[in-house]
Amino acid sequence: METLNITSAAKLLYESEFPVFTIKTLRDMFATRLPDTFYVYLRKLIRMGILVKLERGIYVLAHRTPDALLIANVLYGPSYVSFESALNTHGILSQFPYEVTSATTNKPLQKTVQDRLYSYAHIQPSLYWGYEKVRGVLMAHPEKALLDQAYFAARGLRQFPLDEFDISRIDKKRLTSYMKRMPHVPQLRGVLLRIQKEVKL
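Numbering (the numbering used here), first residue to last: 133 to 333.
No lab work stands behind these hints, which were simulated from the structure alone.
Wrong hints could be hidden among the right ones.
Said to hold, decoys possible - Mimicking SDA-like on lysine to any residue, the simulated pairs with C-alpha atoms at most 20 Å apart in a straight line are:
id: 1; residue 1: 332; residue 2: 290
id: 2; residue 1: 143; residue 2: 210
id: 3; residue 1: 243; residue 2: 226
id: 4; residue 1: 265; residue 2: 176
id: 5; residue 1: 185; residue 2: 229
id: 6; residue 1: 304; residue 2: 268
id: 7; residue 1: 239; residue 2: 285
id: 8; residue 1: 304; residue 2: 290
id: 9; residue 1: 239; residue 2: 268
id: 10; residue 1: 156; residue 2: 268
id: 11; residue 1: 243; residue 2: 176
id: 12; residue 1: 243; residue 2: 229
id: 13; residue 1: 176; residue 2: 154
id: 14; residue 1: 185; residue 2: 147
id: 15; residue 1: 305; residue 2: 321
id: 16; residue 1: 304; residue 2: 294
id: 17; residue 1: 265; residue 2: 331
id: 18; residue 1: 185; residue 2: 198
id: 19; residue 1: 156; residue 2: 210
id: 20; residue 1: 243; residue 2: 190
id: 21; residue 1: 176; residue 2: 152
These numbers come from a predicted model, not from an experiment.
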């Protein structure tokens, strides 16, 4: 970056395919080894309105703010979008949730970024599966999002309005397979029976 000026640095940003920039991605992009020089340019890019700071160490282009679901993946990890946010995205829950909900193997966390609430619920590593990358976002399959919701509802930590869900979008074969992988605990058994009855497994 020592050989770059602010214009060429901005050009690199605009031409990149990164939706979100971390300190590491910016350092690699600008190829700088001098911390002081790097942060001088970083502050200039922010001051000029080219970069926007989401939170410490995380930045986006001012004119290209990524989807909140993608931001959720970057803010705290490892994590994947699940629960109400995934159910809504998959068309199972029509009500649009105010907060972006994710599952993580780390400690539970809530944070507000750009007036949007991001919440992360802790799940055991043994339950950290059933997701894939959709348009760059790690997101639970519809069936896993439903079961994540059921698992937390069985523990009294979430609502489970099954009558509000569009179950027709659920893949019965995948749901059956995923249900076998869920913990065999009494609290969850009743919720799973409700799902089986509704889906007609």
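Hint-by-hint comparison with the structure:
no., hint, result
1, 332 / 290, "violated, 24 Å"
2, 143 / 210, "violated, 31 Å"
3, 243 / 226, "violated, 24 Å"
4, 265 / 176, "violated, 34 Å"
5, 185 / 229, "violated, 24 Å"
6, 304 / 268, "violated, 26 Å"
7, 239 / 285, "holds, 19 Å"
8, 304 / 290, "violated, 23 Å"
9, 239 / 268, "violated, 24 Å"
10, 156 / 268, "holds, 19 Å"
11, 243 / 176, "violated, 27 Å"
12, 243 / 229, "holds, 15 Å"
13, 176 / 154, "holds, 16 Å"
14, 185 / 147, "holds, 19 Å"
15, 305 / 321, "holds, 19 Å"
16, 304 / 294, "holds, 16 Å"
17, 265 / 331, "violated, 26 Å"
18, 185 / 198, "holds, 13 Å"
19, 156 / 210, "holds, 17 Å"
20, 243 / 190, "holds, 14 Å"
21, 176 / 152, "holds, 18 Å"
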